[in-house]
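*Asks:* Chains S, Y and C, in that order, give the protein sequences.
For the first sequence, the working numbering begins at 11 and goes up steadily by one.
For the second sequence, the working numbering begins at 30 and goes up steadily by one.
For the third sequence, the working numbering begins at 13 and goes up steadily by one.
None of these hints come from the bench; they were simulated from the model.
Every residue gets a Cβ at the ideal spot worked out from N, C-alpha and C, and that includes glycine.
Each hint should be verified, as a subset may be incorrect.
Stated by the list, open to error - Capping the alpha-carbon separation at 25 Å, the derived lysine-lysine pairs in PhoX-like fashion look like this: (1) Y:K475 <-> C:K67; (2) Y:K403 <-> Y:K377; (3) Y:K99 <-> Y:K363; (4) Y:K403 <-> Y:K99; (5) Y:K361 <-> C:K67; (6) Y:K87 <-> Y:K376; (7) Y:K403 <-> Y:K361; (8) Y:K224 <-> Y:K376; (9) Y:K431 <-> C:K67.
As the list claims (entries may be wrong) - DEER-style ranges, computed between Cβ atoms: (10) Y:T215 <-> S:D72: 33 to 41 Å; (11) S:L289 <-> C:S123: 22 to 30 Å; (12) S:A222 <-> C:A110: 36 to 44 Å.
To be verified - So these bits of chain S aren't anywhere near chain Y, every CB distance computed over 12 Å: (13) F58; (14) V64; (15) W139; (16) I245; (17) I252; (18) V256.
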Amino acid sequence: MTDVLPIPAKPLRARVDVRSSRRPWPLLKGRRIGLHVAALALLLAVLFPFLWMVQMAFRPADDVLGDALLFRPTLENFASLWQGTFPRSFVNSLLVSTLSTATSLALGVPAAYVLSRWCFRARGRVSLWILATRMAPPIAFTIPFFLAYRWVGLQDTVIGLALIYMTFNISIVIWFMQTFFAAIPKALEEAAWIDGCGVWQAFWRVTLPLAAPGLAATAVFCFIFSWNDFFFALILTRTNAITAPVAITNFLQYEGWEWGKIAAGGTLVMLPVLVFTLLVRKYLVRGLTAGGLK
Amino acid sequence: MTQTPSFSRRHLLAGAAALGGGLLLPGKAPAIGGTKPFVGTTLNVSTFNAPFARILTKWLPEFEDATGAKVVYDTPSFPVYNQRADLELSTGGASYDVLNITFIYSSRWINAGWFTPLDDYIRDANQTPADWAADWDVEDFLPGLRASESDRSGRLYGIPWTVDTFVAGASRFDLFKAAGIGLPDTTDDLVTALKAVHGKERVAGFVTDNHYGWTFVPFLQAFGGNVFRNPPDDLTPTLDTPEAAAAAEYFARLLKEFGPNGVLSYTEDQALQALQAGRANYTAIGQTYLSQVGAAHSKTAATVAYGPVVRGPAGRFPGVATHGLGIPAASKNKDAAWAFIQWALSKKNTRRAIVEERYASPTRRTDFASAEFKQIATLNGYDLAEIIASSVDLAARQGHMKYRTVPVYPQVDQQLNKAIANIASGQLSAREALAQAQANSITELKRAGVAI
Amino acid sequence: MTFFNLTGASLGWEHSRRRAYLAGLLPALVVLGAITLLPALFLLAVSLTPLSLVKPGTAFDFSDPLGNYRELLWDGRFHNSVLLQLHLSTVSVALQLAVGLGVALLLNVRSRFFEAIRAAFLIPMVLPPIVVALIWKILYTPDVSPLYRVLDSVGLPVDSLITDPALAIWAIGVAETWQWFPFTMLMVLATLQLIPDDPLEAARIDGANRWQVFRHITLAYLRPALVVCGLFRLIDSFKAFPLIYVLTNGGPGSATEVTNFYGFIEAFNFSYWGYASAIAVIMLLGVFAVSWLVGRLGWNEVHHD
Numbered sequence: 011m012t013d014v015l016p017i018p019a020k021p022l023r024a025r026v027d028v029r030s031s032r033r034p035w036p037l038l039k040g041r042r043i044g045l046h047v048a049a050l051a052l053l054l055a056v057l058f059p060f061l062w063m064v065q066m067a068f069r070p071a072d073d074v075l076g077d078a079l080l081f082r083p084t085l086e087n088f089a090s091l092w093q094g095t096f097p098r099s100f101v102n103s104l105l106v107s108t109l110s111t112a113t114s115l116a117l118g119v120p121a122a123y124v125l126s127r128w129c130f131r132a133r134g135r136v137s138l139w140i141l142a143t144r145m146a147p148p149i150a151f152t153i154p155f156f157l158a159y160r161w162v163g164l165q166d167t168v169i170g171l172a173l174i175y176m177t178f179n180i181s182i183v184i185w186f187m188q189t190f191f192a193a194i195p196k197a198l199e200e201a202a203w204i205d206g207c208g209v210w211q212a213f214w215r216v217t218l219p220l221a222a223p224g225l226a227a228t229a230v231f232c233f234i235f236s237w238n239d240f241f242f243a244l245i246l247t248r249t250n251a252i253t254a255p256v257a258i259t260n261f262l263q264y265e266g267w268e269w270g271k272i273a274a275g276g277t278l279v280m281l282p283v284l285v286f287t288l289l290v291r292k293y294l295v296r297g298l299t300a301g302g303l304k
Numbered sequence: 030m031t032q033t034p035s036f037s038r039r040h041l042l043a044g045a046a047a048l049g050g051g052l053l054l055p056g057k058a059p060a061i062g063g064t065k066p067f068v069g070t071t072l073n074v075s076t077f078n079a080p081f082a083r084i085l086t087k088w089l090p091e092f093e094d095a096t097g098a099k100v101v102y103d104t105p106s107f108p109v110y111n112q113r114a115d116l117e118l119s120t121g122g123a124s125y126d127v128l129n130i131t132f133i134y135s136s137r138w139i140n141a142g143w144f145t146p147l148d149d150y151i152r153d154a155n156q157t158p159a160d161w162a163a164d165w166d167v168e169d170f171l172p173g174l175r176a177s178e179s180d181r182s183g184r185l186y187g188i189p190w191t192v193d194t195f196v197a198g199a200s201r202f203d204l205f206k207a208a209g210i211g212l213p214d215t216t217d218d219l220v221t222a223l224k225a226v227h228g229k230e231r232v233a234g235f236v237t238d239n240h241y242g243w244t245f246v247p248f249l250q251a252f253g254g255n256v257f258r259n260p261p262d263d264l265t266p267t268l269d270t271p272e273a274a275a276a277a278e279y280f281a282r283l284l285k286e287f288g289p290n291g292v293l294s295y296t297e298d299q300a301l302q303a304l305q306a307g308r309a310n311y312t313a314i315g316q317t318y319l320s321q322v323g324a325a326h327s328k329t330a331a332t333v334a335y336g337p338v339v340r341g342p343a344g345r346f347p348g349v350a351t352h353g354l355g356i357p358a359a360s361k362n363k364d365a366a367w368a369f370i371q372w373a374l375s376k377k378n379t380r381r382a383i384v385e386e387r388y389a390s391p392t393r394r395t396d397f398a399s400a401e402f403k404q405i406a407t408l409n410g411y412d413l414a415e416i417i418a419s420s421v422d423l424a425a426r427q428g429h430m431k432y433r434t435v436p437v438y439p440q441v442d443q444q445l446n447k448a449i450a451n452i453a454s455g456q457l458s459a460r461e462a463l464a465q466a467q468a469n470s471i472t473e474l475k476r477a478g479v480a481i
Numbered sequence: 013m014t015f016f017n018l019t020g021a022s023l024g025w026e027h028s029r030r031r032a033y034l035a036g037l038l039p040a041l042v043v044l045g046a047i048t049l050l051p052a053l054f055l056l057a058v059s060l061t062p063l064s065l066v067k068p069g070t071a072f073d074f075s076d077p078l079g080n081y082r083e084l085l086w087d088g089r090f091h092n093s094v095l096l097q098l099h100l101s102t103v104s105v106a107l108q109l110a111v112g113l114g115v116a117l118l119l120n121v122r123s124r125f126f127e128a129i130r131a132a133f134l135i136p137m138v139l140p141p142i143v144v145a146l147i148w149k150i151l152y153t154p155d156v157s158p159l160y161r162v163l164d165s166v167g168l169p170v171d172s173l174i175t176d177p178a179l180a181i182w183a184i185g186v187a188e189t190w191q192w193f194p195f196t197m198l199m200v201l202a203t204l205q206l207i208p209d210d211p212l213e214a215a216r217i218d219g220a221n222r223w224q225v226f227r228h229i230t231l232a233y234l235r236p237a238l239v240v241c242g243l244f245r246l247i248d249s250f251k252a253f254p255l256i257y258v259l260t261n262g263g264p265g266s267a268t269e270v271t272n273f274y275g276f277i278e279a280f281n282f283s284y285w286g287y288a289s290a291i292a293v294i295m296l297l298g299v300f301a302v303s304w305l306v307g308r309l310g311w312n313e314v315h316h317d
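The following block holds chain S by itself, in its conformation from the complex:
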């Protein structure tokens, strides 16, 4: 496995490889243009469902199902969303995602560093367990958490929701940060140690700054995963801590005449995710590939 896919072990070299690699096949000019057109057409086809919803969000209410590409865009769908309970759910989503991301990073980053540097005997098993927690079907956590929250009163609270998001966020942090740490040469810390730095001092001053872009990408990931969650929030929130993805389903009853609102809600909910993805797209690719190939 590692022979074929050296990314996790030697990411830096892998990147160099990428830059130096040539096209797999020389392309003739005509073919090249054809390929461009084909790729573009495919992209349009793939993004069509997504674009269709976005355009629906901007259509006036009486023409929400219209096909004409020319129409007078309106913000009335968004405005009507802003009058209900939707803004509050948006704020809840922001709070929960930020809180869960921050705590997961605080706990997971040092652990990831240790796992990338310290080769103890149970290491493999620990890593596998961390992986398995990410794999577990949400319902397996929801039932015990729901029953427990009933007793301790964490039901329908931002904190309770942020806590359950840590079940997957901590493992995401450990998993992704390990690859980023592995890419940083140990010799740098070694030098700091010789200068008299303690392990965590060296980590704080040398390793972490070097891993900053990776850290940012990981934070964005945690944020996106928390933001996107639907199942946990559906079960564990009611009115107080309801998140945006759950709040959209409240418009679903208006089927038939509130499609504009549904589309506008969908567009708003995906907006932060798209913006963040755009910001860290380079690391997103690296993080996902590394994580997936490991």
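Since the structure of chain S is already known, use the hints to place chains Y and C on it.
*Replies:* Same frame as chain S, now just chains Y and C:
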């Protein structure tokens, strides 16, 4: 109720309700004295989304201004609402202060003690002022509806805000006329008529909503079948009878042959939308929805016709359901919740809903008898008020609500939903699907500890 | 870890380093244990009781610990849900791998233009699943969907997919594929760029045609990535919820009621917590089996080089 209010709320409430009703009663205004009894209270209200909920949401600022309470009114779709409310109630959660007591769950929720008995509130002069009876008067709500909101010993848990009875309607009756037929009277007439009008001008012949545990039952009973042998005493399911099979086959055929594309996923709202847009023609659904086909913004308001549901071999069974507002036992704002319920269903506001919002589902006797209701329920020349009144009456005499007020009905309801979907989508024959529903219902009943 | 010898660090330094490492690792492990292992044990315990919050006295009733599991053996609805789950997972993972591989091969060109396009292809993957469900709800609802209108106007009316028992599961599979094929695409692209040129050159010189080169060399390099990718997606496919919740609600009939959804209904609609816990335990075991397979296939061996 546990604590004695530190001041008499009686005048405050009266004033609040007067304000909420849009009328300031002379002499009451000074008593308010600018004091708002529930400042700082956030009242969480949830009902499934329905016309009345939309009206209340619109009027909320009046209640908030009068009482100082802040109201968060949550209106998910019917299945989502029921799932959430059931989960919340069964786990003793205090997230909601006012919840709708959904008809099919009423027995399960009320008899498990998950709601607050309202009798004490009604009797308590501090909570419900005596001189206010003119505006409140719980006796004014139809007795049949109150019965379904009461427990076995007769204590009242919910105040009904809607009564829904099956009415038949054709949104494009002009197509019927063109084919030389009237509104069908029997189940056989209906098939003949649908054959004649289905697909004409791209209008599907028949539509109904996919909550078949509700929409199928009038047909089931019209064919001589029923859900249980003799509810609520004998809860043996009777879904595997030949009558039930005939009814299911008939009903599934209506959906399969005459329904619009994707009818199996249609909710009440979608069915209504199809009727209003003139994409589907004939239906038999609750009058709360059906009346809106004749509303001003409907494209088919000028072509709609109304009549009673069709009669089968065993007779005509319109069926009826009611939903009420109640206070969960775990609510921490019960007094404010009760003030909200009084405001929402005060005489003034129920009448105002009819006059201003054309609300076609009154629960008060006086509203039913009012000229205003008669006027708004006369649609395209049809006296819907009369059809509704006689349907409610007939259903009450037939004891229709009995089968739906058994505690295990939600599970059986789902079995019916599945059975009809299975038949109409061609997965199973009527006999197979019903045999399965029968077996599963028995399992569910036994699991719930019901002796059959 | 040859590092210790190189530095010639004293035993004391090594000791304190170990302690420092432990201090960094333990908090995460303790918290993770508290929020994953404890609930798992709790879940297992609940699955041994007939717990239903509607019926008091069922909470600590361990009198028939295997009752729920025995019932599962005879529950046709559960068996049906497992089969559907396998069906859905197979369909969607296979489609994701095929589409992802195809698109990756098409886009495997180094240029600014293609880099931008590749990034745009990732959009579906980061969208909130509930939004994806809404998007497909719009596309699959005949009276709302532009696709149905187009098909209708060219005289090829198609029946609603999500109410057709044979096609509903495919409809969900297609929506799932739309969201997740970019994952496979990404992995394949990354792997493609690591394939050394030499064997490709050599094969070409030997007269192999394009297909032979792809079949025998490229695919051989891609296979491990595809396998891991498939397993990852397989595990995630067990979690499919928003799509089913929004598009079909398990219907028509029970045609899309997969195991996860059935467990949800039993717990959160009917309040049969004990029974739903047993279903969740079975699902957990299934997921662990696949995770173990991932482990066997090389996850995490990289640091032992």
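*Asks:* Of the numbered hints stated previously, which ones are contradicted by the structure, given in increasing order?
*Replies:* When the structure is compared with the hints, numbers 4, 7, 8, 16, 17, 18 turn out to be violated.
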